[in-house]
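Turn these sequences into a full structure, and let the hints guide you.
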Amino acid sequence: MDMKYVPVRNFFPKIIVAIMLLAYITIIKADIVSLTSVDFKELANNQQQLILSMTDNVRQPKAFHTDSPARIILDFDSVTSSLAMKKNVLHKGEINSFFAIEAAGKMRFVINLKKLLAYEVTVKDNLVFITLRSANVIKTNNALHISDKSLNSFSKTIPQQSINKIDFRRGKKGEGRLLVSLSEPNIVVTTVEKSGKIELTFINTQLPEKYAKKIDVIDFATPVSMLDAKTQGKNSKIWVMPLDGDYTYSAFQADGLFTLEVKKNTNAEDAEEQRRKFPYIGERLSLNFHDIEIRSVIQILADFTNLNIIANDSVEGNITLRLNDVPWDQAFEFILKAKGLGQRQTGNVILVAPISEINKLEEEEIKSRQLVERLEPLRTEYIQINYAKAENFRNILLGSSADGMDGCSVTMSQGDSGPDPTSNRESNKALKVKTGKGEVDDRFSGDTNALISSRGKAIVDSRTNTLIIKDTSTNLDEIRKMLTILDRPVRQVLIEARIVIATEGFAQDLGTKFGAAYQGGDGANTGFDLAGETKIKDGKFTDDLLTNLSASNPYGALGMTLASGADYVLNLEISALQDDNRAEFISNPRILTSDRCKATIEQGEEIPFQTTSQDGTTTEFKDAKITLEVTPQITPSGSVIMELKITKDARGEQTPDGQLAINKREINTSVHIANGDTVVLGGVYEDDKTQIINSVPWFADLPLIGWMFKKELNNHFKKELLIFITPKIIKDSMRMPH
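Using my numbering, the first residue of the sequence shown is number 67, and each one after it goes up by one.
It should be emphasised that the hints constitute simulated quantities derived from the structure, not laboratory data.
Do not rely on the hints blindly, as some may be mistaken.
When the alpha-carbon atoms are kept at most 35 angstroms apart in a straight line, the in silico DSBU-like pairs for lysine-lysine are as follows [said to hold, decoys possible]:
#1 LYS172 to LYS128
#2 LYS107 to LYS128
#3 LYS785 to LYS688
#4 LYS158 to LYS238
#5 LYS547 to LYS797
#6 LYS329 to LYS300
#7 LYS433 to LYS300
#8 LYS152 to LYS231
#9 LYS755 to LYS797
#10 LYS303 to LYS128
#11 LYS794 to LYS776
Computed from a predicted structure; not experimentally measured.
What follows is the structure, encoded as structure tokens:
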């Protein structure tokens, strides 16, 4: 066997390089510290402590917390996690759980709390102590009351610190933000609401004199009107005074900055609009990475959300991101969009892949479902219809629009497009409807809007009101659900109307007759008498009546002789009448109808009218009746919307040609009223005043006796029409629950 000689000097460079590489790897590994275990301890004074054990000495982590949800977050540089489980449930003391996530040589340790507590983070060599002080709860709760004596006692246990700066700003959405810069990141702050004010207490903290004052911040146009900062003993206090009680607030503290945010409460509609504009509801997190693999970011989110995320092999690339306090689902969506990726979630499993692959997968599933539907066997189901006509539901299944008669029942609808000449559906060809003229209506031949499949059939047994459907199992399940919702008893409404016509009249007529009479030798009065008749004197017609301003059809008259002399006398007659009349006509139509069903009730008479033409005299009839026509709609809140038409026609006065007039009264309106309430729909008020004075010129203006030459007629007539409406929803104990 031949052996070749290899010079030893050729190995030296390779050995040296290998040793240097091994030393470099050892140094790198030595720089990375790993979290190996987490221990829990109960301390005195109702305090808890978590102890994090590392493989080597570790630097002080960055610490901050959030109020909602209550969490303490620690960020470690150059630290990894060697814990067996990423998320660990504890349920001890005020701690629910904790978890550690890592990426690019950084580790975030998150502690989930039942309520936010004052905490302290201490590092000693390779151990990190997180002490929770439950005596100092930072919580926005009206029931929290910590006395000043307790705070002063606790302030002796911690070193004295100070406030560097107090600032106030307005947020983008109009919220008020109080920013307090602290000398130390872990200053204990208590937050409590008292008497409509938010009180902040900074334990054993000095307040610079220039900030110890009241500050008017109403010009910032936020829910906060004023700030008041004072020093009380060894503590500092800041009172935040909102404009009114309609507000919410939250507080958080991080990196030596305490922030209190005050927002105005929003009503349900505003909240719904806010959810529509910002649909993300995931727990908030913060991410800060430079040039990290996208798969590592997905792994961090999976650990944070406890979801199962599957990343396709084609998911690759790096990303740089800085997200601060954003919902995880929003962060996840934007990260995927930035890399052209999509997601598809089923239960708690999320598939992440390029959008083109997601779309292709969904298209294949659609084709697969269509193939299964074409091959799925047909089943026959017999469904009893209880509260409607089975024909109506059959029409809906075949794609006819639910066109109701005034919303009361489902009928066959012609539609605008007509029959579909390209349809080959055997089931619909057999369902042609005979019309009143003996023709065949095949408007159901199209299947554009049909709810049954192209292979399905639907027929009706009218005798038992049963719907017979033959279709696939999947479609039958959907049809059964639909019929369960639609086949319900309809609620009923009793509508009561009161039509009131009130009239009031007053008439007064006062007049006089004044004249002279001749008295003959036989003592007979041959001139003017009380009746004002003309007499014959000396064979000639004479009229001795000077004025005739008497009342028409007087109820009383007074005649007298004012003066007499020689053969003449002066006569005066005063006549008067006064009428007072009051009347009230009430009509009270009532009708019971179903929800969304039009109902009409009428009562009255038909008045004959004769008309003459070339064909002779004919008699026509015109209606004079009371009509109530209503379509009610019951709202989910229990009130009633009504479309109303109310008429009250009555026989009127006779016209000069001998016919009768008809007095018409009508109202058309739509009202929304609570159940059982009464509303006045409207009314017509008429007020006629008439004053007529008949007089003899010049003589009527004479003093004392001028009234004898006047006639005065006063009429005052008032008429008012009022219409009242009252809907009452009929309670039905047999109504099916929604």
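Any hints this thing doesn't respect? Which numbers, in order?
4, 7, 8, 9 and 11
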